[in-house]
Amino acid sequence: MSTAAPLPAHRLFSPARVGAIARNTLTELTRQKVFYLLLLFGLLLIGSSVLLVRFSFQDQFQMLKDISLGAMSIFGSLLAILATAAMLPRDIEERTLYTILAKPVPRVEYVLGKFLGIAGMLACALFLMGLLFLLILFVRERGVEAEMAASLSGDAAALAAQIETLRAQVFHPNLLAAGLTIFAKTCVLAALTLFVSTFATSQIFTVFIVTTAYFIGHFQATAREYWQAMGGAAWSKAFAGFVAILFPDLQIFNLVDEIAVGVAVPLALLGKTLVLGGFYVLIYLLAAQLVFAQKEL
Amino acid sequence: MLRRLLLALALLLLVGVVRLPFETALQAEQRAAGFHAARVGLDLRQRLGQTGFLAALSGCRAVVADLLCIEAYSAWERVEWGRLNWLFETASSLQPRALFIWEMASWHMGYNASRAAREDPRWKLEAQRRRAERQYLELSRGFLQRGIAALPNEPKLYELLGTLERDKFNDPLAASVAYGTGATLPGAKGYLRRFSAYCLAQVPGREVEAHARLRALYDLGPQEHLPTLLKEMRRLEEKLALPPEQRIYKDR
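First to last, the sequence lines map onto chains A and B. 1 is the number of the first residue of the first sequence in my numbering; add one for each residue after it. 1 is the number of the first residue of the second sequence in my numbering; add one for each residue after it.
Chain B on its own, in the form it takes in the complex (with noise of 0.2 Å):
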């Protein structure tokens, strides 16, 4: 039996050699269409503990991410705001493809870790309260940022960017531009448009653009006609002083 198992054992070699490139392309076609997306590298092993990483790398690389996740629900609610950052950072490496986690994890730097470090008491002088609100909005922004590398066809990541640069960051051109790039990827919702053009319509030296591009958006007719593009679009009239017939509050 032995002679039949070096056989068998030798088969299974020669049909590897084989294999190998066939496997290579296929996983290079599978890479292509957007699968394996997670690099488990050796550093998450770190991370995620001998158990954790085993279960990552048998086919429960979700799950594993997902149980972070349900951790990092738990580390909101004791306010650890530093565990949170590293439970999304991993979930996130594990799971680069789920829109909800770099959504989360965005929204919970941003608005959460960063607001707390504002009133945090701990911090005596109003610069350092500051200082550490914008290393939240950082990692909330860096969030963001990598979540549109893994997902570039996703408009939501970028309207979260745009809202991020618009109220957090007070950067009205970087919303602008997030928005505005949200707004041509296919399933954008239609507010992205006019948020881009509100946004540019903030920047100086931009009012020549932006007025064109919320004219655009009123030539279409009157369902973007609404209160914030009239009142835009008549701040810029006066502010550009343009010629009446360019305008649409004549009467000014």
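In isolation and in its complexed conformation, chain A is listed as follows (with noise of 0.2 Å):
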């Protein structure tokens, strides 16, 4: 008489379960071709390596980070939307969510799993973009180096001293800040659309909340300002401050424009940036299993 293994008793929260989701998020969203938009990407970075031959050098590197930094963070931010925007509907319509949650997985590893699997994604995406960018400036910056080389070649010591400064200017660590801020950014995009359409009725529903909030999140600090400044009707002022409250301060998260010219972002602050950006994911996960919890399906 053969006796079966006992089960292992089942828990609560698991972390394998949620890394599972995550997982096949992440491979669901990459046979989606969301990555095509990184194609688009690619043609705009060098569309634009060959529109800016006609300024000098140094003005060619500014804008290829102005444009690279910049495209990063609108195609980021569409991925995270679009992408989140349509995972639950689809698992909906595919089934797999009653597949999933037919199992003893409780929402909250759902949600949690999909998020993960999404963020994951968004490296992927943020990190092959930056990839293309580093290249790109790789190239021009050795093209660069080629024309000093030929226009220098009898004093050595000048043009290693020159090609060191250009270095310096074209590749700088602070690069690396711009890209986590980023990637906070459309980490709370994700996180918000997820919170969205577990509400939402339609996909596009979700996409034209969550774009209407992307605004508002990047208006409100100038909007804030202008009725402070305006010194406005009660009314307006309360308003303003519902906005502020209800919705994300996008703006926080946008240092790219000022690292892209050579601020430097300190440590602490952008530490702090990203525990915001993170406190921000937290709050709209709570918000979305608080709804998912007792969503009819």
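It should be emphasised that the hints constitute simulated quantities derived from the structure, not laboratory data. One thing to keep in mind: the hints can contain errors.
Unchecked claim - Label pairs and their computed distance ranges (CB to CB):
1. Trp123/B x Ala146/A: 45 to 51 Å
2. Leu43/A x Gly49/B: 21 to 27 Å
3. Leu134/A x Lys189/B: 27 to 33 Å
4. Ala238/A x Gln46/B: 24 to 30 Å
5. Leu246/A x Trp123/B: 54 to 60 Å
6. Leu134/A x Gly187/B: 24 to 30 Å
7. Ala160/A x Glu126/B: 48 to 54 Å
8. Leu131/A x Glu224/B: 24 to 30 Å
9. Thr228/B x Gly271/A: 21 to 27 Å
10. Ala238/A x Glu29/B: 22 to 28 Å
Unchecked claim - Covered by chain B, according to a simulated footprint, are these stretches of chain A (three or more residues, beta-carbon under 8 Å):
11. 11–20
12. 270–277
13. 280–288
Just so we're clear, the structure is a prediction, and the values are computed from it rather than from any experiment. All C-beta atoms in this analysis are idealised placements derived from N, C-alpha and C, irrespective of residue type, glycine included.
Hints are included, so try docking the two chains, each in its own frame, into the full complex.
Shown next as structure tokens:
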């Protein structure tokens, strides 16, 4: 008589299950060819580097950095919103959600797993975009070095000094900080989209709401300053306050414009910005779980 | 689910109240570190149009500024000086910490637009041409002064201002001050200190001070014994009628 091995006790929360859902989400997203956006990013970068040849090489590098980091921010945000908005409706439509939740998988693990999958995809996409950006920067920099070498062929010391200055101008460790703040912003957007999609009736509705929140999130600091300067009516101040409380202030994560021109980010400041991003993510995931826990499927 | 949704919104509002002071402090800290330098006011909306304004607000401020600079290049090729000025005004408002925008703007206004105005055949009178030229030079100076306000530790802007004051406004004192201020900043080129002294040497009534500064440079060693420095020292020694022990040209 054979005796079956006892089943392991079911754990209320299992990081392994969350990991499995996250991996599966990442695979699904990869199959959906969301990375095709990277092709667009590459074309934009190559196109702009061709367009910029009329400027001096310092200006070219500056503009290339601006355009690349700006495009990383926009494409990353687009990826975060569009990919996350499609996730829950697709899981319902393809009945994957029912298969998962029919098993003893708490809904919180599903929400967390889905978010981690999206965050993984965003990390991969931003990493690849960053790599492409650095590659183009490297190729352009080598081109300029060759031009310098041709014009200063007789003066090795001057050439070495100029090349060193050029490299210090082009490649700066702060570019990593720029990538991290972009990643933080896209994660906040992904978490917000996940929250909205838990109660949204359609994918378009989710995209519409989050896009509106995206613009309000970027605009609210300016609007707040404007209203404060105007010293307007009490209701307008109250409205500005309400908007500031309800919507995330996304300008706080927009450090790339200044990083591109060489402003250094103190480590403590970067840390605080990233912690704020993590805090936003946590709150939106909590809100998503609150709604999703009682969602009728 | 509606109850849960309301609960979630209440949570967001509650957390919003808690995070707002932290965010305000963080934003102030970011500003103090040199971030969010641009004041994207609503007047920019009129200048940029709806799309440009939205793009500038949604994390593409630097990209919009660069596109305006690219457009400015085309405006320069078409010799549209008014538009060129407008484009650089907008680009510099969007990205005030970009040195190259201030450099380009001041160069176009101070050297291209002003020269074109000076030779503009539409102005019949010399006085009109001079006035138009002066207006563009003032614009160039304005760009540099605002650039210095935005980037106070950038010696290149002081150098450009000094050169503009010296070559275009013929104001050696203002040039000397600009070069001198730039020379004290980290990363400044060595020649700024010399230029400041050379310009001061041209200011009537400041010869003694100028000589002292040139002498201080001279005493640094043979690397500073450059032809212009030696020529200016000789001129001042003669003008000030210095006693032989204070001269480097003792034969005179």
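**OP:** Can you take a look at whether the region 270–277 of chain A is actually covered by chain B? Rule is 3+ residues, C-beta closer than 8 Å.
**Re:** Holds, because 3 residues of the region 270–277 of chain A bring their Cβ atoms closer than 8 Å to Cβ atoms of chain B.
Original post:
CB of Trp123/B to CB of Ala146/A, is that within 45 to 51 Å?
Top reply: holds (46 Å)
Original post:
Do Leu134/A and Lys189/B keep their Cβ atoms within the hinted range of 27 to 33 Å?
Top reply: 30 Å Cβ-Cβ, so the 27 to 33 Å window holds.
Original post:
Regarding Ala238/A and Glu29/B, is the given constraint of 22 to 28 Å on their beta-carbon distance met?
Top reply: holds (27 Å)
**OP:** With respect to the beta-carbon atoms only, verify the hint that Leu134/A and Gly187/B lie 24 to 30 Å apart.
**Re:** holds (25 Å)
Original post:
Taking a Cβ-Cβ distance under 8 Å as contact, does the region 280–288 of chain A have three or more residues in contact with chain B?
Top reply: Result for this restraint: holds, n = 4.
Subject >> Supplied distance hint 21 to 27 Å, evaluated on CB atoms of Leu43/A and Gly49/B >> reply: holds (25 Å)
Subject >> Consistency of beta-carbon spacing, Gly271/A to Thr228/B, with hint 21 to 27 Å >> reply: violated (51 Å)
Subject >> Distance restraint hint 48 to 54 Å, applied to the beta-carbon atoms of Ala160/A and Glu126/B >> reply: holds (51 Å)
Original post:
Are three or more residues of the region 11–20 of chain A within 8 Å, CB to CB, of chain B?
Top reply: violated (count 0)
Subject >> CB-CB spacing for Gln46/B and Ala238/A relative to the 24 to 30 Å hint >> reply: Since Ala238/A and Gln46/B have Cβ atoms about 27 Å apart, the given range 24 to 30 Å holds.
Original post:
Within 54 to 60 Å or not, the Cβ separation of Leu246/A and Trp123/B?
Top reply: 58 Å Cβ-Cβ, so the 54 to 60 Å window holds.
Violated hints, in rising order: 8, 9 and 11; the structure is consistent with all others.
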